[in-house]
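Participant: This is what each chain is made of:
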Amino acid sequence: MDTRDELNAVSDPPATAETGADGEVLYRVHGEPVAELPADLYIPPDALEVFLDSFEGPLDLLLYLIRRQNLDILAIPIAEITRQYMAYIEVMRALRLELAGEYLVMAALLAEIKSRMLLPRPKEAETDEDADPRMALIRQLQEYEQFKTAAERLDALPRMDRDVFAAGASVEALEGPPPPGPTMDELMEALAAVMHRASLMAHHHVSTEQLSVRERMSSILDSLHPERFTDFVALLLAAEGRQGVVVSFLAVLELTKAGLIEWGQSEPYSPIRLRRRGTPVDDEGGESA
Amino acid sequence: MSESTGSGVQAPSAATDDDQVRAVELAVEAVLFAAAEPVEPRDLKAACEDMGEVDQALLEQALGRLQERYQDRAIELVRSAGGYRFRVRSRFSATVQAAQPERPARLSRALLETLAIIAYRQPVTRAEIEAVRGVAVSSGIMRTLQEREWVRVVGHKEVPGRPALYATTRGFLDDLGLKRLEDLPPLDQIRDLADVASDAGLSLTPPETDEDAGPGTNQRLELDVAGPEPAPPTRSS
Amino acid sequence: MSESTGSGVQAPSAATDDDQVRAVELAVEAVLFAAAEPVEPRDLKAACEDMGEVDQALLEQALGRLQERYQDRAIELVRSAGGYRFRVRSRFSATVQAAQPERPARLSRALLETLAIIAYRQPVTRAEIEAVRGVAVSSGIMRTLQEREWVRVVGHKEVPGRPALYATTRGFLDDLGLKRLEDLPPLDQIRDLADVASDAGLSLTPPETDEDAGPGTNQRLELDVAGPEPAPPTRSS
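Chains as they are written, first to last, in this note's numbering: chain Y, 42 to 330; chain W, 8 to 244; chain H, 8 to 244.
Same shape as in the complex, but just chain Y (with noise of 0.2 Å):
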């Protein structure tokens, strides 16, 4: 490939149009990016993104692409590789996927082997990185294929709970001395940890209101039958006020959201009735011995 283009390829990527030698080509219909992805692989438009997005970093990245083509990673091809990286780089963007930092850092990489490898090389300074620029990159390709090679094996190994299970039994029976309870402060300190961890924050508006309706909701859910249906009004205890009610009701709308209960009414303007559904659950049971 003529070096030429290969600057070209780094120092102007594909922003329009470009067409490789090997027929691939990204551009842009109507302000949209479209992709005409490697014969090897195909991928519905819409999957592009879910595509793009899958990439574990720019390595993997780089990965896929030298190993796409059945290249060994010894002899990377440093321009055409280069230019193939900048164009998902664009697509990325062009998709405003979250384009990490470690993906542009790569694309300077890249362009830094490139030019090095264009320079006339001086005789004396030939330690390994300095004879070929590609050396710490493919290094460290090596080792993250080494890596995520060790993952997928990792993945396929029996896990507990997923291949195979723990067997146990209850222990209700056993007697002694009473196990240590929850404390508040410990629930709420386990419940803080979740909530960073799932990000969970943005539950700023929930308030002890749907905490009683959540409860509520367990509550009716746990009197309704499967079998027989219940009076709707029987559920709405005037005892508990206004607010009581309000509660109920919301319980029994967010249960029907979640398709936990159904409706029923036998003709029209006769009582709206509710059963839980599903099958029933069997009825207490004397226990054997």
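It is worth saying that the hints were derived from the structure and are not from the lab. Careful, some of the hints might be misleading.
Stated by the list, open to error - Pair ranges (Cβ atoms, derived):
#	chain 1	residue 1	chain 2	residue 2	range
1	H	97	W	58	15 to 23 Å
2	Y	217	W	192	28 to 36 Å
3	W	57	Y	204	17 to 25 Å
4	Y	199	W	74	28 to 36 Å
5	W	98	Y	94	30 to 38 Å
6	W	60	Y	134	54 to 62 Å
7	W	156	Y	294	24 to 32 Å
8	Y	156	H	165	36 to 44 Å
9	H	56	W	156	40 to 48 Å
10	W	67	H	110	26 to 34 Å
11	H	97	Y	156	52 to 60 Å
Unchecked claim - Among chain W residues calculated to face chain H with C-beta under 10 Å, some are:
#	residue
12	35
13	62
14	98
15	107
16	142
17	146
We treat Cβ as the ideally placed atom computed from N, Cα and C, and that holds for glycine.
Since the structure of chain Y is provided, determine the placement of chains W and H on it from the hints.
Facilitator: Chains W and H alone, transformed into the frame defined by chain Y:
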């Protein structure tokens, strides 16, 4: 099969039946030992569905054999409100206790997190708890929570497989000294607590935006279902 | 006891021994079924303390019998890093899964890659993990791994900032049914840089020269230094 064939045919037929009983017996054994709570007879039948027709009689025969099998063992097969389960015989109380030399003074983090999520998200399925926690919830934890009577099954979600829906109990509130669930601190307050903790440089540093999907990308989707949309996490540093 | 007593005493003595083995067997059975996690031999012995001296041989005899007892059952007695546990035999996994319809969420690639690096390189800092993956490792992933008790902080590296050093736990091995770290699938061997060089038609000095560099620059070379022994190379291209 005509009855005129006599014992020559009877024997293999009995053997086949016996094989089937044994197959059901083993399947039931596997399910009961892996379950977090008592298993209803029809769920046991469902677990054996690839063994042909498993009727009540066959199931009971298998259960009977299982019960016999553990007659003089350290565990027993019992039937209680929710169905069948294995439990450790009470005469091993001291033994089991002796095996835990240093009794944990507090509950495990995993158990507390699970309990907290059930309290705030009830009624909730195990998969939903896992989606929030980002890690699997073991059957052992669910079993413990129910045996301590802090959590119970209040129904089943009408989706394939009918997963159990968990809720907290009266006993849970009693143990916390609360009258009702809404006496639990509102989530806002817990958020503040979490912020304080992270400001203090404790283990609760806020998660980063990308890459965060512990159990895959569907974690975020699950959260969408459970509540208002998760805003970008607050990066407080 | 004198040896002159002959078989008249031998028989009861053997019977007593047998009773003792059986007592230990049942005690161990109770403890294992009651425990949510694998139980260490030490704790199993502690459970039998009121049965007189229970030495290693006796414990092993009891465990052997227990194993035999469940030979053709749906569950099996296994040993992993944390000790002994009963688990459902893998051929019944599908049955259990059918009865527990909610699959645990899949682990993200980001999490798995991070876990793999920690497993094979431990103890390792977050910066070192990031150097291998080429992207930032989110706090969420590190916390999820720790919450799941697969990873823990084992110390701090004595470099500026004293970053935490992460390692895998026994629970990690237990969850994968492994006895020790060496039982992990071997890492693919990375081709030597000298080969790389000769393939590339270059003459290079071996990479050792870089080893003295600071933590920032030599991360990639730590491969040769840390981590469990890379087992025989299985080169899968």
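Participant: Now, for every hint given, state plainly whether the structure supports it.
Facilitator: Tested hints:
1. One distance hint, 15 to 23 Å for the beta-carbon pair residue 97/H and residue 58/W, holds here, with the actual separation near 18 Å.
2. The supplied range of 28 to 36 Å is met by residue 217/Y and residue 192/W, whose beta-carbon atoms lie about 32 Å from each other.
3. Under the hint 17 to 25 Å, the C-beta atoms of residue 57/W and residue 204/Y, about 18 Å apart, fit the expected range.
4. In this structure the supplied range 28 to 36 Å holds for residue 199/Y paired with residue 74/W, their Cβ-Cβ distance being about 30 Å.
5. Separated by about 58 Å at the C-beta atoms, residue 98/W and residue 94/Y break the suggested range of 30 to 38 Å.
6. Distance hint check for residue 60/W and residue 134/Y: the Cβ-Cβ separation is about 60 Å, which falls inside the suggested range of 54 to 62 Å.
7. The given range of 24 to 32 Å is respected by residue 156/W and residue 294/Y, whose C-beta atoms sit roughly 29 Å from each other.
8. For the hinted restraint 36 to 44 Å between residue 156/Y and residue 165/H, the CB-CB distance of approximately 38 Å keeps it satisfied.
9. Our hint of 40 to 48 Å for residue 56/H and residue 156/W is violated, since their Cβ atoms are close to 30 Å apart.
10. The given range of 26 to 34 Å is respected by residue 67/W and residue 110/H, whose C-beta atoms sit roughly 30 Å from each other.
11. Between residue 97/H and residue 156/Y the beta carbon distance is about 55 Å. The supplied range of 52 to 60 Å therefore holds.
12. Annotation: interface hint on residue 35/W holds; nearest CB of chain H at approximately 8 Å, less than 10 Å.
13. A hinted interface residue such as residue 62/W counts as satisfied when its beta carbon comes closer than 10 Å to some beta carbon of chain H; here the least separation is about 18 Å, so the hint is violated.
14. For the restraint placing residue 98/W at the interface with chain H, the shortest Cβ-Cβ distance is roughly 9 Å, inside the 10 Å limit, so the hint holds.
15. At about 7 Å, the closest approach between the beta carbon of residue 107/W and any beta carbon in chain H falls short of 10 Å, and the interface hint on this residue holds.
16. Because the beta carbon of residue 142/W sits about 4 Å from the nearest beta carbon in chain H, less than 10 Å, this interface hint is met.
17. Using the Cβ-Cβ criterion of 10 Å, the hint placing residue 146/W at the interface with chain H is satisfied: the shortest such distance is roughly 8 Å.
Of the hints listed earlier, those the structure fails to meet are numbers 5, 9, 13, in rising order.
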